[in-house]
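Each chain, letter by letter, is given below.
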Amino acid sequence: MKIRSYILKRLKQGRAPVNKATDNNLMQQVKDGNVEKMAILFERYHVMLYNFFLRLTSNRSISEDLVQDVFIRILKYRSSYKGQNKFIIWLYRIARNTHIDYLRKRKDEVSFGEQWDEVPSQEPTPPEKVEQAQEIVRLSQALAKLPLKKREVLILSRFQNLKYKEIAELLDCQIGTVKANIHRATKELGKAYFELSGGIAS
Amino acid sequence: MKCSQIKKRFSDFLTGEIDKAMRKEIEEHVTACGSCRDELESLSEIWTKLGVLPEEQPSDNVRTRFYAALEKYKQNLEKEKMRPNLGKLLDGWLERWAPRRPAFQFSLAVMLLAVGLAAGYFLHASLQRSGEIAQLRREVHQARQIAEVSLLRQESLSERLRGIDMTSRVEKSDEGTLEALLRFVSSDADINSRLAAIDALHLLPDYPLIRQEFVHSLSEQTSPLVEIALTLTHHIKNL
Numbered sequence: 030m031k032i033r034s035y036i037l038k039r040l041k042q043g044r045a046p047v048n049k050a051t052d053n054n055l056m057q058q059v060k061d062g063n064v065e066k067m068a069i070l071f072e073r074y075h076v077m078l079y080n081f082f083l084r085l086t087s088n089r090s091i092s093e094d095l096v097q098d099v100f101i102r103i104l105k106y107r108s109s110y111k112g113q114n115k116f117i118i119w120l121y122r123i124a125r126n127t128h129i130d131y132l133r134k135r136k137d138e139v140s141f142g143e144q145w146d147e148v149p150s151q152e153p154t155p156p157e158k159v160e161q162a163q164e165i166v167r168l169s170q171a172l173a174k175l176p177l178k179k180r181e182v183l184i185l186s187r188f189q190n191l192k193y194k195e196i197a198e199l200l201d202c203q204i205g206t207v208k209a210n211i212h213r214a215t216k217e218l219g220k221a222y223f224e225l226s227g228g229i230a231s
Numbered sequence: 059m060k061c062s063q064i065k066k067r068f069s070d071f072l073t074g075e076i077d078k079a080m081r082k083e084i085e086e087h088v089t090a091c092g093s094c095r096d097e098l099e100s101l102s103e104i105w106t107k108l109g110v111l112p113e114e115q116p117s118d119n120v121r122t123r124f125y126a127a128l129e130k131y132k133q134n135l136e137k138e139k140m141r142p143n144l145g146k147l148l149d150g151w152l153e154r155w156a157p158r159r160p161a162f163q164f165s166l167a168v169m170l171l172a173v174g175l176a177a178g179y180f181l182h183a184s185l186q187r188s189g190e191i192a193q194l195r196r197e198v199h200q201a202r203q204i205a206e207v208s209l210l211r212q213e214s215l216s217e218r219l220r221g222i223d224m225t226s227r228v229e230k231s232d233e234g235t236l237e238a239l240l241r242f243v244s245s246d247a248d249i250n251s252r253l254a255a256i257d258a259l260h261l262l263p264d265y266p267l268i269r270q271e272f273v274h275s276l277s278e279q280t281s282p283l284v285e286i287a288l289t290l291t292h293h294i295k296n297l
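Protein sequences appear in the order of chains R and E.
Counting the first sequence from 1 gives a position; the working numbering is that position plus 29.
Counting the second sequence from 1 gives a position; the working numbering is that position plus 58.
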């Protein structure tokens, strides 16, 4: 039994071997031509990025494409990496640009909000979870209604767990602005959610 | 604290970036203040509700595609290393010729600089000797003089004024233009062109010819304006 759980544990870790090198260190190596190390960074961050894009776009296949784009961009622009701030800030900066470029390209094709009907189901919903599934849909819809800047700041803080300081650095603004925007975005989201639930906003 | 100050801390309350004392202060405030309590409650409600949105795993596609892209990128990088490009070739060639020791490198640089300077000096000297530049200068000067004089001879008043204006911009006028201008002062029918010509001559340094002509024409002028202008030029004033 013990052996089995050990093997399972190893299998889970298998693809993401424990590596203690810091992100900045790894990225520096990638910059210097050891592009193999990019794999470690990918394993560390691709799920995080995927979920960032999923909250932003509410679309799984687009989010997967964007994740791919980000890592290709990193390879392409690896020589521009300076290593001054945290790697993760640099990563999010590239992710944001990738998303903005995608929106620009998509602008003429589909208006936002039409694409997120994909969200609800990954697996068939058991009856006791129907209500929760509906709530997920409503929340996603409400999020999609927020203007991009507010949606972004809310996602970064609530889901990506970035600190005020990191968000301010990433968005190039004051901490006070970040706080105010989180407050406003939450308020607006609550209103949108309430309206979608069939209530009348106060 | 006032409500507005408390509200500024609501985001801290939500995100948890807050110290215990501040949390306590907010909690105490909202038990007493109804409107703040309502707002914080609705904010907290939606904030907590967002936790329903699950963190998802991307499909295996993402991983497969990434490793394929990485592999391809590595191969391209290898190819690039193998292919000798022009820049590197040139570098290698120069490296073979350049001296290894810094002292020699330095003296080579100094030598090249000296050769460059010498070449520039001789080239310059030979140009001067052949007098091409001087010749060119003379030609340009002549061309300008012709333009000035021909403008001064125009029938139209405005053309003549333009000519006068042009001569006044030339630092050192020649005999030709000088005489043309002097002729204006004494014989042009229009007072404006006489005045303009006087102004132009005023800008020139002392010439005996100008003074002589001015004194002579002073006695013949009929317009008091022109007389005053003449007496005010330094050619007359300094008499």
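Don't read these hints as lab results, they were simulated from the structure.
Be careful, since some hints might not be right.
As the list claims (entries may be wrong) - In silico lysine-lysine, DSS-like type, Cα no more than 30 angstroms apart, as pairs:
#1 R/Lys-60 - R/Lys-220
#2 E/Lys-82 - R/Lys-105
#3 R/Lys-105 - E/Lys-107
#4 E/Lys-107 - R/Lys-194
#5 E/Lys-82 - R/Lys-194
What the hints assert, rightly or not - Which stretches of chain E does chain R cover? Using the computed rule of at least three CB atoms under 8 angstroms from a CB of chain R, they are:
#6 62-68
#7 106-114
#8 118-132
#9 276-285
Said to hold, decoys possible - To give a feel for the contact side, a few chain R residues facing chain E, derived at Cβ under 10 angstroms:
#10 Ala-68
#11 Arg-89
#12 Ile-101
#13 Tyr-106
#14 Tyr-131
#15 Leu-132
#16 Arg-135
#17 Val-159
#18 Gln-161
#19 Lys-174
#20 Leu-177
These figures come from a predicted structure and were not determined experimentally.
Note that the Cβ used here is the ideal one computed from N, Cα and C, for glycine as well.
Taking the hints in turn, this is what the structure says about them:
1. R/Lys-60 - R/Lys-220: The given pair, whose Cα atoms are some 46 angstroms apart, is violated under the 30 angstroms limit.
2. E/Lys-82 - R/Lys-105: Roughly 50 angstroms between the alpha carbons, so the hint for E/Lys-82 and R/Lys-105 is violated.
3. R/Lys-105 - E/Lys-107: The given pair, whose Cα atoms are some 39 angstroms apart, is violated under the 30 angstroms limit.
4. E/Lys-107 - R/Lys-194: holds (25 angstroms)
5. E/Lys-82 - R/Lys-194: holds (23 angstroms)
6. 62-68: This one holds; 3 residues, not fewer than the three required, reach chain R with a Cβ under 8 angstroms.
7. 106-114: Coverage by chain R holds for the region 106-114 of chain E (7 residues, Cβ < 8 angstroms).
8. 118-132: Holds: 10 residues of the region 118-132 of chain E have a Cβ under 8 angstroms from chain R.
9. 276-285: Per the Cβ count (0), the hint is violated.
10. Ala-68: holds (7 angstroms)
11. Arg-89: holds (8 angstroms)
12. Ile-101: holds (6 angstroms)
13. Tyr-106: violated (12 angstroms)
14. Tyr-131: violated (16 angstroms)
15. Leu-132: At 20 angstroms from the nearest chain E Cβ, R/Leu-132 fails the 10 angstroms test, so the hint is violated.
16. Arg-135: violated (20 angstroms)
17. Val-159: violated (13 angstroms)
18. Gln-161: Since chain E brings a Cβ to about 6 angstroms from R/Gln-161, closer than 10 angstroms, the hint holds.
19. Lys-174: violated (13 angstroms)
20. Leu-177: Nearest chain E Cβ about 17 angstroms off; hint violated.
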